[in-house]
Every structure is written in structure tokens, then in C-alpha cells.
Amino acid sequence: MTQWEYLTAPVLVHSTKAILDNFGRDGWELVQIVPGMNPENLVAYFKRPAQGS
Numbered sequence: 000m001t002q003w004e005y006l007t008a009p010v011l012v013h014s015t016k017a018i019l020d021n022f023g024r025d026g027w028e029l030v031q032i033v034p035g036m037n038p039e040n041l042v043a044y045f046k047r048p049a050q051g052s
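Okay, so the sequence shown: first residue is 0 according to numbering that gives the first Met the number 0, each after it adds one.
Just so you know, these hints were derived from the structure itself, not from any lab. For clarity, every value in this text was computed on a predicted model and none was experimentally measured. Be aware that one or more of the hints could be misleading.
Distance windows between CB atoms, simulated [said to hold, decoys possible]: (1) ILE32 x MET0: 18 to 28 Å; (2) GLN50 x VAL12: 24 to 34 Å; (3) HIS13 x GLY51: 21 to 31 Å; (4) GLU39 x GLN2: 32 to 42 Å; (5) VAL12 x GLY51: 27 to 37 Å; (6) ARG24 x GLY51: 32 to 42 Å; (7) MET36 x MET0: 27 to 37 Å; (8) GLU39 x THR1: 11 to 21 Å; (9) THR15 x GLY51: 29 to 39 Å; (10) MET0 x ASN37: 38 to 48 Å; (11) LYS46 x THR15: 16 to 26 Å; (12) PRO38 x THR1: 27 to 37 Å; (13) MET0 x GLU39: 13 to 23 Å.
We put the beta carbon where it would ideally sit given N, CA and C, even for glycine.
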């Protein structure tokens, strides 16, 4: 059974693609993205297989 690790990260609206591409290169899969505390920010939730899985 796969074990997962999770990450929550802020994402700036004006550079969303570049930020998400960087996380993807590090092996993170985007699970969900939701509005942040102000209109210029989003909050992204990621997962990836845990080390040793």
C-alpha cells in the first residue's frame, strides 16, 4: 500500500503555472487548489509517495 506525504503551499495568482510546474518537477501532485486569505493568493494541496514507499 502506498504511503503518502502531503504539502500545503501558498500560490500567487500572477505566477500560478511556474509555481505549480516547480512542485511537479519535485514529484508533487496537485490535489486541490482553493482561494487564500486575499484575492492575490491561492492555497495548494499536494501529495507524493513518501520516501521508502
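Structure-based check of all given hints:
Distance hint check for ILE32 and MET0: the Cβ-Cβ separation is about 27 Å, which falls inside the suggested range of 18 to 28 Å. Take GLN50 and VAL12: their Cβ atoms lie about 32 Å apart, and the range 24 to 34 Å holds. Distance hint for HIS13 and GLY51: a CB-CB separation of about 37 Å, inconsistent with the stated range 21 to 31 Å. Judged by the Cβ atoms, the range 32 to 42 Å given for GLU39 and GLN2 holds: they are separated by roughly 35 Å.
Take VAL12 and GLY51: their Cβ atoms lie about 36 Å apart, and the range 27 to 37 Å holds. For ARG24 and GLY51, the hinted distance range of 32 to 42 Å is not satisfied, since their beta carbons lie about 21 Å from each other. At about 36 Å, the beta-carbon gap between MET36 and MET0 stays in the expected band of 27 to 37 Å. The hinted range of 11 to 21 Å is not satisfied by GLU39 and THR1, whose Cβ atoms lie roughly 35 Å apart.
Our hint of 29 to 39 Å for THR15 and GLY51 holds, since their Cβ atoms are close to 31 Å apart. In this structure the hint that MET0 and ASN37 lie 38 to 48 Å apart at CB holds, the actual value being about 39 Å. The hinted window of 16 to 26 Å between LYS46 and THR15 holds, with their beta carbons roughly 18 Å apart. At roughly 36 Å, the beta-carbon separation of PRO38 and THR1 lies within the given 27 to 37 Å, and the hint holds.
Taken as a hint, the range 13 to 23 Å is violated for the pair MET0 and GLU39, whose Cβ atoms sit roughly 39 Å apart.
Going down the numbered hints, you'll see the structure goes against 3, 6, 8, 13, while the others check out.
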